[in-house]
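For chain A, the structure is supplied; the task is to place chain B on it using the hints.
Chain by chain, the residues:
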Amino acid sequence: MPLSSLRERSIRWRVGGHLLLILLLIVVNLGSIGWFLTEQKHDGAAINEAGKQRLLVEQMASEAHLVGMGNMGARADLAADAAQFNRTLTALLDGNQSRGIPPAPPAVRDQFLSVRAEWEPFYIHIRIILEEPRTSTEFNESLQYIAAHNDQLLAASDTAVSHYERTFEKKVTQLQFLLVGIFGLDLLVIPLLFAFTDRHILQPIEQMAAEARTIASGDMDASITPIETTDEVGDLSKSLNEMKTQLVSAAQDAQRFEQAVEHAGHAIYITGTDGTIEYVNPAFEEITKYDADEAVGENPRILNSGQQSESYYDELWDTITSGGVWREEVINKRATGELFHAYQTIAPITGVDSDRAGFVAIMSDNTEQIISNQQNQVLRRVLRHNLRTELNLIGGYVQKLRNPSDDETRDAYVTKVENRIESLVSLSTSVDRFARTFKQGPHWQQELGATIDNVCDALEDRYSAAKFEINTPSSEVTVLANVALVCEEIVENAIEHNDRATPEVTVTVTVEDEPDPPPTVRIEIEDNGPGIPSEERQVIEHGEETPLLHGSGLGLWISYWMVTLAGGDITIEDRQQRGTRISIVLPRASVNTVPDVAVGGQNGHTAANDQTEDINNTTND
Amino acid sequence: MTDAPTSPDADTPTVLIIEDEQDLADLYAAWLQNLYTVRTAYNGEEALTHLDESIDVALIDRRMPGLSGDEVLGHVREEEINIRITIVSAVTPDFDVIGMGFDDYLVKPIDADELRMTVERLLQFSKYDEQIQELEQLVATKTALESEHSHSELQEHHKYQQLRDRIETVRVKVDDTVANLDDEPVERLFHNLTTNSPESTRQGGETR
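Protein chains in written order, with the working numbering: chain A, 322 to 942; chain B, 292 to 499.
Just chain A, with the same shape it has in the complex (with noise of 0.2 angstroms):
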């Protein structure tokens, strides 16, 4: 048969056909050695047969001989005998199945007619015998004759009896050969098939199942070989290679979109449905300063600036466990205590079955750009409010001298023209020193004890008369502030405002160790001054900006934006005796509040020295 017809046929039909193949051996197998056992047996009941016949001679001879002697009795016996005897012949020659017995076969039979042909006459005179009478002639002449013909019906029932068996013999012989021929055929077959079968199924399938565990361990790059064949095989390898195809797709898009989430500039964290990080990306680490490792497994709260109400969580929680999207502006704080205004969308994610996976947040950092916002609507509003009201007094002066009443008055109003003109100017120059500094930011780091000094340092030369006190400690301390500017515009404005000869002012630094955390850092700055105005404590206490014509309010209001993004807080009391004391309460960057970053901070403090000699560079200028 030819091999490439079979290839064609499905596998269910070629498993089928080597079944009825190996089926149709058994029945061969079996058929043959039924047959040989019938064979046996039958050859076996014919030859016994015929060797009784031999018996039946003998008897059948020596009752004709006591007939011949008067015993009348022994008639009947030969009788039965000569007719068994007939019968059986009849039997060896044509068969009877009742009893058994084959027909001879061909080389056999001739020897049974040689056998019938000497049993004719015989029974004649049997019959002879057994019905005449004793004193006939017929009567003696048969019994003569067959005591004279005895020996060759005996001779001939021998001869056909032995060449009986040896015919046997040979068959038996032939039966055997067949036999062990028909089990060469099964030795033959069976391997055949389990060739044919290894080959073309299980072959192909091992090399398959091994080429899809390859890829099944993530070697995406490995391929299935193609099979060309149109059964079950091919089928498979057919849909194997598809499948490989769908998955290196399916792969591709996912990598496309870690690949997007890797690189989007905004944080992207997910978290499980009970809200523990699973995943952050580069920009989180970079927005929240938390390394991811130190991210996962937490809950989002460590962002928690404890600048939204516990109702705000609460709702944000509410909405997105019931399937919404959390939008919101949000203060939250990084690793390093920093404070930072995000824009954040928080949304649950299904997985494939529907079931909620958790949930993905996205979070950009908006700090520069709303302190530029409130930095410019303020700048605004207070330039604003300045101009028109210093226009106003300017157009009316200007009215004025344009009928002069006397050269007096004229040069009066033409010297409050220029004092209102220098007023604008010095606007315009504070205006443009707090537009240059908030560009500087926010992402400030400066050393402590460097920087105040050096900010004391200049205002000594400025301010003569004042005395300065400045206990710095001796390690060093970094914060991410504009400690520089912070300082100036506070001990400025005490120095301003002072109405005494000797305006004094005492700067102390204290590191604060104890520390529920973060650890902190405490800037007081005393004064023996006449106490800030109230308005200008709502200024500092809560960053209220209010209308203040000479922008000492808007250092003020600075000062608070710096200190409240840095994470810290500012608090204004009246000293016993005379005098303000402010306290700003800073964050310390050299140490994290997660302490494993120790080496991160180190890198940190070693950056902050450079960048505060520059500011303070600038500050100088």
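Source of the hints: derived by calculation from the structure; they are not laboratory data. Cβ atoms here follow ideal geometry from the backbone N, Cα and C, with glycine treated the same way.
Using C-beta positions, here's what the derived DEER-type ranges look like:
1. B:MET408 x A:GLU845: 47 to 57 angstroms
2. A:TRP638 x B:GLU371: 48 to 58 angstroms
3. B:HIS341 x A:ASP820: 24 to 34 angstroms
4. B:GLU444 x A:GLY644: 34 to 44 angstroms
5. B:ASP385 x A:GLN567: 51 to 61 angstroms
6. A:GLU845 x B:LEU414: 54 to 64 angstroms
7. B:LYS450 x A:ARG899: 45 to 55 angstroms
8. A:THR597 x B:GLU444: 39 to 49 angstroms
9. B:GLU459 x A:GLY644: 42 to 52 angstroms
10. A:VAL569 x B:GLU444: 50 to 60 angstroms
11. B:ASP385 x A:VAL569: 51 to 61 angstroms
12. A:ARG622 x B:GLU459: 49 to 59 angstroms
13. A:ARG622 x B:LYS450: 35 to 45 angstroms
Relative to the frame of chain A, chain B by itself:
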């Protein structure tokens, strides 16, 4: 507080200037002192001590340290002191001015003529019916808003719509009363009040 040096007549109306910038307060005083009895207050607290029925018109700066102009105005309306009030401020009117109850709103810088005309106009109001005064206050608020916001911005704001509805309601009431008036300034005023709708005026505001 500075009493005007020339206040010859006891019947001369009294104007109170409330302005924290002293030079500016003095300038306003200089502009007005030949026509009215002028008093000045340099902060909100000082202003409160002078705010009584003896004052006819008050000029209030909104932004002042301590007690703000808004709070001073609130005090006057709360105490129901019968004074005509104009805001003189560098702050542009936003929607928070609705319900403040000023009679006019001037944005700095202003000149002498503008200030004098405003005071004169407000002095006229004090002679009139309360309903017309309310109508004037409402229209002044609306006008102040329209000067600073585009038409579409205004339309989106429900408070502005409420303001317009209220103006319509008061205007209908005034209709009955005004029929009896034949005084020329009142007719002119009423003419202004009834025709001053956002669709017909302040086109400039819409195109900003």
